[in-house]
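The task is simple: from the sequences and hints, build the whole structure.
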Amino acid sequence: MINRFSKIYFDPYLFFSIFLISILGLFFLFSASNGDISIVFKQSMYVIFGFFLMILVSQPDPDLFRRTSFLFLIFSVFLLGITFLLGPEINGAQRWVRIGSFSFQSSELLKLALPIFLATFLGDKKLPIQPKEVFISLIVIVISFFLVARQPDLGTALIIALSGLFVLFLSGLSWSFIGGSSALLIISSPFLWNVLLQPFQRQRIATLFDPGSDPFGAGWNITQSKIAIGSGGLLGKGFGEGSQTQLNFLPETKTDFIFSVIGEEFGFLGVLLLLSIYFFILMRCFYLALSARDRFCRLVIGGLSLTFAANLIINLCMVVGLLPVVGMPLPFISKGGSSLMSLFFAFGIITSMGTHKKFLPQ
Amino acid sequence: MIFEERQVEKNKFSLRAIFLFGLMGLGFMAVLIQVFSLQISGYSEYQLAALKNKNYSVPVQPLRGEIFDRNGRAIVRNESTFDLITKPNLIINIEIFLDQLTPVVNLSKVERSRYLKSYKEKAFVNKELVLKKDLSAEEIARFNVRSFQFKNAFIDKRYRRMSDYPKLFSHVLGYTSRSEDQYQTMPGIPTSHWRDAELIYANGSIHGKTGLEETHNDHLVGQYGRRVFEIDARGKLVQALEYFPPTNGLDLFTNLDIDAQKSAAKSIGNRKGAVVAIDLKSGGLNVLYSSPSYSINKLSNGLSVDEFQALISDSNKPFFNRALQGRYPPASTIKPAIAMYGLVNKIITWADQVDDPGFFTLPEDGRVYRGWKKGGHGQVDLRKALLVSSNTYFFSLAYQSNMNTLADHLASLGIGKKVCADCFDEDDVFVPSPAWKYKNSNIAWFKGDTVNIGVGQGYLLATPIQLAYYASIIATKGKFYTPSLTSKDNQDLKLEYLHNKEISQNDWSQMHHALTDVVESDYGTARSIRNLKKFQVAGKSGTAELVGLDSKEAYSELRDTESLRDHSIIILFGPMPNPQYAVSVVIENGESGGAVAGPVAIEVLKSLIND
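For the protein sequence lines, the chains are A and B, in the order given. Just so you know, my numbering puts the end of the first sequence at 362, numbered straight through with nothing missing. Just so you know, my numbering puts the end of the second sequence at 973, numbered straight through with nothing missing.
There's no promise every hint is true.
Quick list of simulated restraints, FRET-style, between CB atoms [stated by the list, open to error]:
hint, chain 1, residue 1, chain 2, residue 2, range
1, A, Thr68, B, Leu377, 27 to 33 angstroms
2, A, Gly179, B, Phe398, 30 to 36 angstroms
3, A, Asn194, B, Arg540, 54 to 60 angstroms
4, B, Phe398, A, Gly336, 36 to 42 angstroms
5, A, Ser176, B, Leu385, 16 to 22 angstroms
6, A, Lys42, B, Thr609, 39 to 45 angstroms
DSS-like, lysine-lysine: derived pairs with alpha carbons at most 27 angstroms apart [what the hints assert, rightly or not]:
hint, chain 1, residue 1, chain 2, residue 2
7, B, Lys968, B, Lys643
8, B, Lys519, A, Lys125
9, B, Lys471, B, Lys449
10, B, Lys643, B, Lys708
11, B, Lys416, B, Lys482
12, B, Lys643, A, Lys126
13, B, Lys529, B, Lys495
14, A, Lys358, B, Lys374
15, A, Lys132, B, Lys372
16, B, Lys519, B, Lys660
17, B, Lys779, A, Lys357
18, A, Lys126, B, Lys571
19, B, Lys679, B, Lys780
20, B, Lys968, A, Lys132
21, B, Lys809, A, Lys357
22, A, Lys358, B, Lys519
23, B, Lys471, A, Lys125
24, B, Lys801, B, Lys779
Derived by calculation from the structure, the hints in this document are not laboratory data. Ideal placement from N, C-alpha and C gives every residue a C-beta, glycine not left out.
Structural data, given as structure tokens:
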């Protein structure tokens, strides 16, 4: 099945499920933008381009990614540096880098480069992995985290750190180390709370536990999102009929809170369908990871797909009120080119790693 | 890496992948459970919250009921006026818009600047705004032919509470005024939405402040309706969703008679006083007039501060409702009541004679109480005492009375009680009695106090409506109805009886004859009015002394000060022998009762009987 096309590397399960979710995403975006067809048109251009990118990235042998992984990491960090020095400041944050008329979020590249680099670095090490290797990996993760966190973009920084940690964990990090560092993290959490978090981020966490305490301030988003989803009921209010969405009670409908639009207009059944497709994609990645040809491919598929899953679940938990509000788009559906490109890029790499087989053992 | 090592690594990876993917699976579960609890368990709660977000209800004002007289003629109407309403959100260029409209509706600079001040705010939330109030017929016509130019403006009806007889019924009708929070407690409409209420009255949310407008407010007011708009997060009106029309107030049909009220006002002229007329068949109040009066139209539709100040500082007290609140000594008009007390308690009979030398001497201390005629009336029986209004006869009768039972008797005739079923702010005054005097002044009751009450002076005070009530009891021979302004309870009118049932039919009919002779005979004190009409009437006049004096000479000095002159009072009922109406008239400082108050009462009776 996997190698039905002799010359083109292609995974039909991933391809069609992503295709389905992208098409659905365009419909949702149409409603979320109060019927603004130009936004949908622009987004569909990204989607079409994304599919070409994904197919293109699927073709090279995984060795290409292994050999270029360090360069890729350096390039990503370089772009972050440029962003920091030259990028325009939008809403108090420097996240964008502009090349000609094309601008994108530089942190999206690091989200790919870091797990691939760590997979390369740890992929040929003896088991169990040594403290020195763990230390080097952690240094790279922490540097990446801080580079993005100071933009400031805590959501993406956390995802990047997670992408590195996933690879480290999958490559066989010892349980005692995990236990020890978790304890350290818990002990230092008050310090992190005060030093790492901006006041508005602290406020977001506080309102999560009591959104009613400040219904028109920081709690407004959570409250309105819950009302939107809850009032959708089993079947939803219908396409373009969600009062929370269409009358602008719901904030950020095109980006972070687009899931609330889906919940309001398509109800529990719509949510169930959407989550099933996402879950199917994840399970397919899980299968590809287990059946990949070598350790490097396993680690990359695992790292990238788990990063995708973490991204998805953090967004969902945020809009349903289980996590504080952090800027995090809903994969394949939220408006925005950068995250969409990086997603298609990631799934291109996953396809490449999952479909290239070596028939001769090394 | 050797094969075994790869196998170990692969197994280890698989376990860890299962662990992490499993964690993600748990994440999916958590989200799904939360979505379930929001959409399925919490559905009704969140659905309500979503509706509460987008639905904006505003109250819609009902039309207030109109008020009619007993012949179905409108006393107070809802007069429609026309306002020019705009939709600021549809205006593209405000200056051009106003320039175009200025010649059409004669827009003043004040109106223009007032509009410019608030149109932006209204435009932002898609709400309407009044540009000009009370358009003339010409302005309406000019606008209508050009209305195709103005998709953003239209003419709408607004109402004003108006009476065609603005000064005739002021005290009895009362006026309406804008209510700030009277009705602002409608279920489902938060107080803040009242600023967007759809008001059809030019002066907003109105309620009755005094008079019938107040006492029958619940009947007249109707019930607010509701219009539900859909709004967006910024409070913009998106569309109208539902409309629950208001229930208009009910019309009020009163017992008042416009013509009789007119004749009362006309014959009082600009003197101070009051007229009350009662329909004996129902207790209906046909006339209730207090002079001087004021315009309720102005009060209901906006009065300048200066005008209002002028009204309340007027020394003639136009706001004072003399018919219901004026306290006057009933003077000689009380004599029939004293006579009935004497008859019932067997102190006197119709045949008993008393010598009237022109004064009565109190046996206890020799104090002299004078009559109005020097030299007196000679031998007088009860009939003559009533005809010539002999003070000595009634001084003597009162002297023989027990003040406690006399007080009860007066109370049963309306003294000291609110006699009207639905009048606004009626004064009940008080019943003079030994207990009352002791309580109020800590001084014991003297026999002389009782003697004064025998001629309706001293501590005895009554309002014009109490006098009319008392007249109606005599006129109906004790079978009367409670006076009321409205006919809504006509079906279950209750016939009342004077509690003193011992008054015999003979006494009643003798009383009617005697009181008829007061007007109709050659000796009656009110004979001056007998030629003013074609029918016969019965009654008793009185002259209330404001200052107790011993001689006529002293009074003629006093006369120069108008406010100290005697009040002129009369009670009349007719046509005899089967009376249909009872009337009381008080003219302040009018002096001689029969000659001054009498013609007023006759005019009112004529108007009531001839209709």
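*Hinted pair Lys643 of chain B and Lys126 of chain A, Cα distance within 27 angstroms*: With Cα atoms ~119 angstroms apart, Lys643 of chain B and Lys126 of chain A exceed 27 angstroms; violated.
*Given hint Lys374 of chain B paired with Lys358 of chain A - CA-CA distance at most 27 angstroms*: It holds: about 21 angstroms lies between the C-alpha atoms, which stays within 27 angstroms.
*asked:* Just to be sure I understand the hint, the distance between the Cβ atoms of Gly179 of chain A and Phe398 of chain B should be within 30 to 36 angstroms; is that true here?
replied: Given range 30 to 36 angstroms: holds, Cβ gap about 34 angstroms.
*asked:* Taking the Cβ atom of Thr68 of chain A and the Cβ atom of Leu377 of chain B, is their distance within the range 27 to 33 angstroms?
replied: holds (30 angstroms)
*Would you mind confirming whether the straight-line C-alpha gap from Lys132 of chain A to Lys372 of chain B stays at or under 27 angstroms?*
Holds, because 22 angstroms separates the two Cα atoms, which is no more than 27 angstroms.
*Is the Cα-Cα distance between Lys519 of chain B and Lys125 of chain A 27 angstroms or less?*
Given that 27 angstroms is the threshold and the Cα spacing comes to 89 angstroms, the pair is violated.
*For Phe398 of chain B and Gly336 of chain A, compare the CB-CB distance with the range 36 to 42 angstroms and indicate the outcome.*
violated (29 angstroms)
*Mind checking the alpha carbons of Lys416 of chain B and Lys482 of chain B for me, to see if they're no more than 27 angstroms apart?*
Holds: Lys416 of chain B and Lys482 of chain B sit about 22 angstroms apart, inside 27 angstroms.
*Is Lys968 of chain B within 27 angstroms of Lys643 of chain B, Cα to Cα?*
holds (17 angstroms)
*Does the alpha-carbon distance linking Lys809 of chain B and Lys357 of chain A stay inside the 27 angstroms limit?*
violated (133 angstroms)
*Restraint check for Lys471 of chain B with Lys449 of chain B, where alpha carbons must lie at most 27 angstroms apart*: Given pair Lys471 of chain B, Lys449 of chain B holds - Cα atoms ~20 angstroms apart, limit 27 angstroms.
*Given the hint that Lys519 of chain B pairs with Lys660 of chain B, does the C-alpha gap stay at or below 27 angstroms?*
This hinted pair holds, its Cα atoms lying about 20 angstroms apart.
Violated hints, in rising order: 4, 6, 8, 10, 12, 17, 18, 20, 21, 22, 23; the structure is consistent with all others.
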